[in-house]
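Using the hints provided, position chain B relative to the given structure of chain A.
These protein sequences, in sequence, are chains A and B. Counting from 13, one number per residue, gives the positions in the first sequence under our numbering. Counting from 20, one number per residue, gives the positions in the second sequence under our numbering.
Hint data in this document are derived by calculation from the structure and do not stem from the laboratory. A hint or two may mislead.
[As the list claims (entries may be wrong)] Chain A is nowhere near these chain B residues, computed Cβ spacing over 12 Å in every case: (1) Leu66; (2) Ala254; (3) Ile273; (4) Ala277.
[What the hints assert, rightly or not] Listed next, the stretches of chain A that the computed footprint assigns to chain B, with coverage defined by at least 3 CB atoms under 8 Å from CB atoms of chain B: (5) 109 to 117; (6) 129 to 140.
[As the list claims (entries may be wrong)] With beta-carbon atoms standing in for the labels, derived distance ranges: (7) A:Gln89 / B:Arg188: 20 to 30 Å; (8) B:Ile283 / A:Thr165: 18 to 28 Å; (9) B:Lys192 / A:Gln89: 13 to 23 Å; (10) A:Thr165 / B:Lys192: 14 to 24 Å; (11) B:Ala288 / A:Thr284: 52 to 62 Å; (12) B:Thr226 / A:Thr284: 50 to 60 Å.
Every residue, glycine too, gets a C-beta built ideally from N, C-alpha and C.
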Amino acid sequence: MIMNKAENEPMPATDGSSSGAAIAVDDVSIIFGEGDNAFVAVDRVSAEIAAGEFICIVGPSGCGKSTLLNAVAGLEQVSSGQILVGGAEVTGPSAQRGMVFQQPALFPWKTVRENVAYGPRMAGLSDAEAGSIADELLEMVGLAAFGAKRPQTLSGGMQQRVAIARALANTPDVLLMDEPFGALDAQTRAMMQENLLQIWHKVGITVVFVTHDIDEAIFLADRILVMSAGPGRFVQEISVGIDRPRTPEIALDPRFVEIKRQSLEIIRRESTRAFEQQLKSAM
Amino acid sequence: MADAGNNDGAVKAATKETAAKGIWRDGALNRLVLAGSLPLFFGLWELVSRSGVVNIILFPPPSTVLVAIVDWMQDGQLLIDFGMSVSRVVVGFVVGAVLGAVIGILTGRYRLISSLLSPIFQLLRPIPPIAFVPIVILWFGLGEIGKYFLVVWGVFFTVWIAAHLGVQRVDEKLIRAARVLGTPEKRMLREVLLPGALPYIFVGLRTSVSISFYTLVAAELAGTFAGLAYRIDIAQQNLQMGQMMGGLVMLGVISAAADKLFAIFAEKAVWWS
Chain A
13 MIMNKAENEP MPATDGSSSG AAIAVDDVSI IFGEGDNAFV AVDRVSAEIA
63 AGEFICIVGP SGCGKSTLLN AVAGLEQVSS GQILVGGAEV TGPSAQRGMV
113 FQQPALFPWK TVRENVAYGP RMAGLSDAEA GSIADELLEM VGLAAFGAKR
163 PQTLSGGMQQ RVAIARALAN TPDVLLMDEP FGALDAQTRA MMQENLLQIW
213 HKVGITVVFV THDIDEAIFL ADRILVMSAG PGRFVQEISV GIDRPRTPEI
263 ALDPRFVEIK RQSLEIIRRE STRAFEQQLK SAM
Chain B
20 MADAGNNDGA VKAATKETAA KGIWRDGALN RLVLAGSLPL FFGLWELVSR
70 SGVVNIILFP PPSTVLVAIV DWMQDGQLLI DFGMSVSRVV VGFVVGAVLG
120 AVIGILTGRY RLISSLLSPI FQLLRPIPPI AFVPIVILWF GLGEIGKYFL
170 VVWGVFFTVW IAAHLGVQRV DEKLIRAARV LGTPEKRMLR EVLLPGALPY
220 IFVGLRTSVS ISFYTLVAAE LAGTFAGLAY RIDIAQQNLQ MGQMMGGLVM
270 LGVISAAADK LFAIFAEKAV WWS
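The following block holds chain A by itself, in its conformation from the complex (with noise of 0.2 Å):
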């Protein structure tokens, strides 16, 4: 019932051509406000992204990373340019593009359950349909005895996690993920984010998870994409090629330390120019 809808269908070319590509970014700005109070959030920002594909957008904070997310689930709309994904462009939110934000934001008067039934059940299906798959994604959570729950009698781990079961009931083409582990605690965090991959592994779905947490990137991604602030743009794409499946222990392969120096670097020499930057503006 649940799988990967890319599965079905002509498989993309993977080697990031852009008629292949799940999700393209093609030469993308992202203004804010007019005249001369327009604020650059987004500069040109270009990037390819293969079907089934991991991807994390690491940057400084304020670098517009979860600005240009937005804007690849339809939430923010593009000052030029444009963002493809599947081949259509984006015009507006989809349930073919789940998302998960940093707050869970589960409906509060809904049971676990029924916030996952939700999207199945916006998408027409009948209650009991909606029910069969919310089921389903509980139980690939792991939330299986917790579908009757109120949401906000759960942990926040929990609560995250039903959110991406939410966000997976659609069948959606890609996951777009912002922060979506920044507020827990480390443990639950590194717990999440071992789950994660084995989700990610099951139904095969392209991710594109945006974090300011170095570590959490290189364990989660296939490829890392480094934004730099004031105005964002890419500065870095990273490939980091540990072998899956990964474990916490992969924190201490060389090639896991040799691309943490490397990007602590890049976002240290771009923090700097961008605060100096400020500096200049400011007086």
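Same frame as chain A, now just chain B:
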């Protein structure tokens, strides 16, 4: 950021709870005082009335008031008065609440409707229902419609503004989540905005329960043939002090009971807030 704020709030709430437990540590003593509260009030009242300090005719003791209430009950008039008053409150409350909630959701959601109606409502809202009594008598005579009108007037604006603000205060995160989950625009109202606004609407509704009772008094003083406030008015003309105070007690008991009942209902209806 937002989450840090939440944690902060939780910590504060927990501290407050501990502090509260400290104050209320002596549960037994507290229960005793609670049980003694009303007897103390009525006892003091009885004492003061009979002490000779005040005129016992003008300030009858609770025992006299109780006799008056029993008399009122025995000739069946209390039931009629009670029924008339409650029916006015219920009809006026329900009509005012439904109108207020529906229109409030519409003005809260749709800018154009708000631009059309909000200025009018803001102008009418501050007019106290009591000020309408003279004109209501001319419009509707002494019949029930005029009574309903006054209660509706009292309830409508409170519920309207609660629903209007409630819809606008629905958590933006939930609306965004609903949008990415594929909620069609026309279902957004029913699926997210209405349940999201419901806790606010219920605050307005509960306030309106009290409002409908005090509007009832104005409505019955405007002239009628039965009702609790009407009975107080008639008793005054006959200088039946016991009956008058009995009427006040009944009004107090009924509106307190209505408030309590509504609170229980609200807890069930908006259990998540």
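Evaluation of the provided hints:
no. : hint                            : result
1   : Leu66                           : holds, 51 Å
2   : Ala254                          : holds, 48 Å
3   : Ile273                          : holds, 32 Å
4   : Ala277                          : holds, 25 Å
5   : 109 to 117                      : holds (count 7)
6   : 129 to 140                      : holds (count 4)
7   : A:Gln89 / B:Arg188: 20 to 30 Å  : holds, 25 Å
8   : B:Ile283 / A:Thr165: 18 to 28 Å : holds, 21 Å
9   : B:Lys192 / A:Gln89: 13 to 23 Å  : holds, 19 Å
10  : A:Thr165 / B:Lys192: 14 to 24 Å : holds, 19 Å
11  : B:Ala288 / A:Thr284: 52 to 62 Å : holds, 55 Å
12  : B:Thr226 / A:Thr284: 50 to 60 Å : holds, 56 Å
Hint compliance for this structure: no hint is broken.
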